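A.B. asks: What follows is each chain in one-letter form.
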Amino acid sequence: MTNQNDMLSPEAIKKIDREVAKYPADQKQSAVMAALVIAQDEKGWLSKETIAAVAGYLGMAPIAAYEVASFYNMYDLQPVGKYKLTVCTNLPCALSGGVHAADYVKEKLGIDFNETTADGRFTLKEGECMGACGDAPVMLVNNKRMCSFMLPEQIDKLLAECK
Amino acid sequence: MLEIEIDGKTLQVADGSTIIEAAHQLGTYIPHFCYHKKLSIAANCRMCLVQVEKAPKPMPACATPVTNGMKVFTHSELAVKAQKGVMEFLLINHPLDCPICDQGGECQLQDLAVGYGESASQYQEEKRVVPDKDLGPLVSTDMTRCINCTRCIRFTAEIAGFMELGQSFRGERAEVMPFIGKTVDTELSGNIIDLCPVGALTSKPFRFSARTWELSRRKSVSPHDGLGSNLIVQTKHDRVMRVLPLENEDINECWLTDKERFSYQGLSSAERLTKPMVKQGGEWKEVDWSVALDYASHALRDVAKTHGGAAIGGLLSPHATLEEMYLAQKLLRGLDSENIDFRLRQSDFSADGKRKGTPWLGMKIADIGRLDRVLVVGSFLRKDHPLVAQRLRQSAKRGAQISILHSADDDLLIKLAARAIAAPSQLPAVLAEVVKAVAELKGVAADPALAKVGAGLVDVNAAKKIAASLVSGSDGGKCAGILLGNFAQQHPQAATLSALAQQLAGLLGGSFGFLGEAANSVGGYAAKAIPTAGGLNAAAMLKDPRHAYVVVGAEPELDCADGAQALASLTKAAAVVVLSPFKSQAMLDYAAVLLPVSPFSETSGTFVNTEGRVQSFYAAAKPLGEARPAWKVLRVLGNLLDLNGFAFNSSEEVRAEALDGQPEFVSGLDNGIDGATLNLTASPNGLERVADVPIHFSDPLVRRAPALQQAADSAAPTARMNAATLAKCGLASGDKVKVGAGGTAAVTLPAQFDAGLPDGVVRIAAAHADTVALGAMSSVLSVEKA
Numbered sequence: 009m010t011n012q013n014d015m016l017s018p019e020a021i022k023k024i025d026r027e028v029a030k031y032p033a034d035q036k037q038s039a040v041m042a043a044l045v046i047a048q049d050e051k052g053w054l055s056k057e058t059i060a061a062v063a064g065y066l067g068m069a070p071i072a073a074y075e076v077a078s079f080y081n082m083y084d085l086q087p088v089g090k091y092k093l094t095v096c097t098n099l100p101c102a103l104s105g106g107v108h109a110a111d112y113v114k115e116k117l118g119i120d121f122n123e124t125t126a127d128g129r130f131t132l133k134e135g136e137c138m139g140a141c142g143d144a145p146v147m148l149v150n151n152k153r154m155c156s157f158m159l160p161e162q163i164d165k166l167l168a169e170c171k
Numbered sequence: 002m003l004e005i006e007i008d009g010k011t012l013q014v015a016d017g018s019t020i021i022e023a024a025h026q027l028g029t030y031i032p033h034f035c036y037h038k039k040l041s042i043a044a045n046c047r048m049c050l051v052q053v054e055k056a057p058k059p060m061p062a063c064a065t066p067v068t069n070g071m072k073v074f075t076h077s078e079l080a081v082k083a084q085k086g087v088m089e090f091l092l093i094n095h096p097l098d099c100p101i102c103d104q105g106g107e108c109q110l111q112d113l114a115v116g117y118g119e120s121a122s123q124y125q126e127e128k129r130v131v132p133d134k135d136l137g138p139l140v141s142t143d144m145t146r147c148i149n150c151t152r153c154i155r156f157t158a159e160i161a162g163f164m165e166l167g168q169s170f171r172g173e174r175a176e177v178m179p180f181i182g183k184t185v186d187t188e189l190s191g192n193i194i195d196l197c198p199v200g201a202l203t204s205k206p207f208r209f210s211a212r213t214w215e216l217s218r219r220k221s222v223s224p225h226d227g228l229g230s231n232l233i234v235q236t237k238h239d240r241v242m243r244v245l246p247l248e249n250e251d252i253n254e255c256w257l258t259d260k261e262r263f264s265y266q267g268l269s270s271a272e273r274l275t276k277p278m279v280k281q282g283g284e285w286k287e288v289d290w291s292v293a294l295d296y297a298s299h300a301l302r303d304v305a306k307t308h309g310g311a312a313i314g315g316l317l318s319p320h321a322t323l324e325e326m327y328l329a330q331k332l333l334r335g336l337d338s339e340n341i342d343f344r345l346r347q348s349d350f351s352a353d354g355k356r357k358g359t360p361w362l363g364m365k366i367a368d369i370g371r372l373d374r375v376l377v378v379g380s381f382l383r384k385d386h387p388l389v390a391q392r393l394r395q396s397a398k399r400g401a402q403i404s405i406l407h408s409a410d411d412d413l414l415i416k417l418a419a420r421a422i423a424a425p426s427q428l429p430a431v432l433a434e435v436v437k438a439v440a441e442l443k444g445v446a447a448d449p450a451l452a453k454v455g456a457g458l459v460d461v462n463a464a465k466k467i468a469a470s471l472v473s474g475s476d477g478g479k480c481a482g483i484l485l486g487n488f489a490q491q492h493p494q495a496a497t498l499s500a501l502a503q504q505l506a507g508l509l510g511g512s513f514g515f516l517g518e519a520a521n522s523v524g525g526y527a528a529k530a531i532p533t534a535g536g537l538n539a540a541a542m543l544k545d546p547r548h549a550y551v552v553v554g555a556e557p558e559l560d561c562a563d564g565a566q567a568l569a570s571l572t573k574a575a576a577v578v579v580l581s582p583f584k585s586q587a588m589l590d591y592a593a594v595l596l597p598v599s600p601f602s603e604t605s606g607t608f609v610n611t612e613g614r615v616q617s618f619y620a621a622a623k624p625l626g627e628a629r630p631a632w633k634v635l636r637v638l639g640n641l642l643d644l645n646g647f648a649f650n651s652s653e654e655v656r657a658e659a660l661d662g663q664p665e666f667v668s669g670l671d672n673g674i675d676g677a678t679l680n681l682t683a684s685p686n687g688l689e690r691v692a693d694v695p696i697h698f699s700d701p702l703v704r705r706a707p708a709l710q711q712a713a714d715s716a717a718p719t720a721r722m723n724a725a726t727l728a729k730c731g732l733a734s735g736d737k738v739k740v741g742a743g744g745t746a747a748v749t750l751p752a753q754f755d756a757g758l759p760d761g762v763v764r765i766a767a768a769h770a771d772t773v774a775l776g777a778m779s780s781v782l783s784v785e786k787a
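Going line by line, the protein sequences match chains F and U. Counting from 9, one number per residue, gives the positions in the first sequence under this note's numbering. Counting from 2, one number per residue, gives the positions in the second sequence under this note's numbering.
Keep in mind that the hints were calculated from the coordinates and are not lab data. Don't take every hint at face value.
[Stated by the list, open to error] As a list, the in silico DMTMM-like pairs of lysine to aspartate or glutamate whose alpha-carbon atoms are at most 20 Å apart:
| no. | chain 1 | residue 1 | chain 2 | residue 2 |
| --- | --- | --- | --- | --- |
| 1 | F | Lys56 | U | Asp186 |
| 2 | F | Lys56 | U | Glu654 |
| 3 | U | Lys398 | F | Asp34 |
All of these numbers come straight from a predicted model, not from anything done at the bench.
Taking the hints into account, I'd like the entire structure generated from these sequences.
C.D. replies: So, in structure tokens, the structure goes:
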């Protein structure tokens, strides 16, 4: 297990340790979600090697970490473009134009959901509720930046920003 | 105790029971899929919904604790409606492919669908399809049939000790899978086939070969490790098609190891000996039984007459039945030979003649789980005794402290309290340190013979940690157990290890015992298949070649402590009479006559397991070809040699004579040694060999089981060393190395890094054709780059 840790940088390990410290010493695996986020931020996506390295570091079975990584939408099990755009298509967003927003992005970028543009710049994903139904339609850029009221002109502006 | 009423019947149940447990106590069946008594509660299949009085909605019986005065209705209108609803949901995505499904006829889903399913579904949309997974050579998958009960996942995590399966993705896309690119490699993997309530996980070797209703069932006993797991052997047209566990809470619970489950494939190996054969003028000829038996009896009689009975040696497989061993020793003693032994892999016989009785587990198997402190000495526990390891794993979860003293730090998948890993020659010294440390903690004087041991040589701190763990148990160690594994029994200082364990158990007030290596490791003593005064033991009769040998069920080149020496002595002998279910090239080279005898599935017989339990079984199938039960062959040989006392009509009569009746447990079990001399010198200089007997190479039957031979545990032997040893020899992991043992022919193996080994040790598996030439299992080796 120790040799897998070469996968993660010392900075990432330091961040993971900070998360691990939040839980009892024999419950290291409680930090798995945070650790996967840290690993994904560093690597861009979660390869099976990365997941195995995180699992090894937390003393848990690789498949247990894979269960988590495959369950949640915001973990990427495939490489993504420089900007990952996630459009919410859950019911409240859908009622307020979420699907149209997604269609507009698709048309602009010439890709469908779960695809990446040929230049590797954009990946489009279908997202689950982001907890901001009042701001519908909502989009998320690279899991971190929330964009509200995404009508066509906002989308154009966003795409222009993402160089 | 709580009072509960189920379907109008009241009963008392223990606090903390669930409704389903209470119902089972009453004999009331509640339909279920995900619930299993040995696994944690998941409550995800929802099939066990029942009506509970005053509860607003149906409750899952497997996850609802009983409260006092609770009234439960398992078959009320509400309960049945709920169960039918669940069944409809389960069948939404389940393919209705029972006619081509291997589980058909023994499928819980199929059975319950008869009771709770409707003839049509409201669901008209497309069913989901789930890609199949590669779980290795033993378990076949049809994941589309999976109902996501997670029993297999809970089994790998809780019973086998490492979560090799998981449920990935979410919702409708959830699927059970191993980690990407991995297979299920645990030595207990076959149990997930039994656990799977549908046809998602089925047996790969058995697949599509028979329907369950075509099979006849016979109870039997496992011929492999010392546990004596209870089996159901299923046959069709006198061919063993499958082996399943027979539940016995005192022995194997409801589990089987993969070795026990899949070794039956070896029964129909192409190497089965089906006709008696004799060697005439260097040519092998198939002959009639009468000719072969005449030939064998004459050969033995001639040697006895010209060279005396002591010129004959008897090597019995520890996997032979009690009856076979008893008749074999009677035959040899009738020929005036005291040279008889079944302890083929043992190398230290200094305790012979000093033993107070038959060495055994020292406790009941079920009591292993009641120990609160355990020290395992010299054991590849997980591979040698997988179900004992499983029991200790559960104990550790309940708070027992398990420690190990061994020469290899293999991952036991058990939370260990302490461990001491030392080279084989240092094991006695480390154990002596543990004894001294326990004596010190207890404030009593240790055996003065131990005073000068160890100083500076061994890891005293590890020994002290083990001692502290042992003493911290209830009543200062009264519930502590010291278990000596196969490696300790095969160790060149086995008697010393045993005597030290005895001292340790004495100081603690606990117990100690041996984990029986083979199915009849205790039975061999009961059958008197050991040399008494003047006789030669297994090692001695091979070291000092005999004129003739009688070999029963063993392949000495693979089953003896020193395979190379065994092969040399057998080749030199004038006459080797082999009773074996299998033939091998080596056997054709050294034997004079080959008598085809039945393996365990084709003979009646008895195994005495490591706790001394006498377990008899009947034949499950007719003998293959002209093979005959070995006890009958030995009886006829006895008659042909005009020996007295061979007038047996059944194996039961043999057993009655051997055991003096039909006891449940054999008498004379005692691990004590009188006047043991401690041999605490750590002699070897150089690279010491640590030889494990790989799980799928331990006996002739399992060596011939093709599916097991493809399993991860059957990888070709390597020369394993730790980083320091590799560096000292100037090697890197993966290099081809030439390994030699004191001048004899060397073998070439790949070097492999193994962080779990102590310094100055090279681990090379025994019982494998590639390593026979290395000779003794414990030896000093030279290693150089090839």
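A.B. asks: So, for every hint listed, does it hold in this structure?
C.D. replies: Verification of the hints:
Of the supplied pair hints, the one linking Lys56(F) and Asp186(U) holds, its CA atoms being roughly 19 Å apart against a limit of 20 Å. Between Lys56(F) and Glu654(U) the alpha-carbon distance is near 62 Å, which puts this suggested pair outside the 20 Å criterion. Taking the CA atoms of Lys398(U) and Asp34(F), the gap is about 13 Å. The hint holds against a cut of 20 Å.
The earlier numbered hint that this structure contradicts is number 2, and it is the only one.
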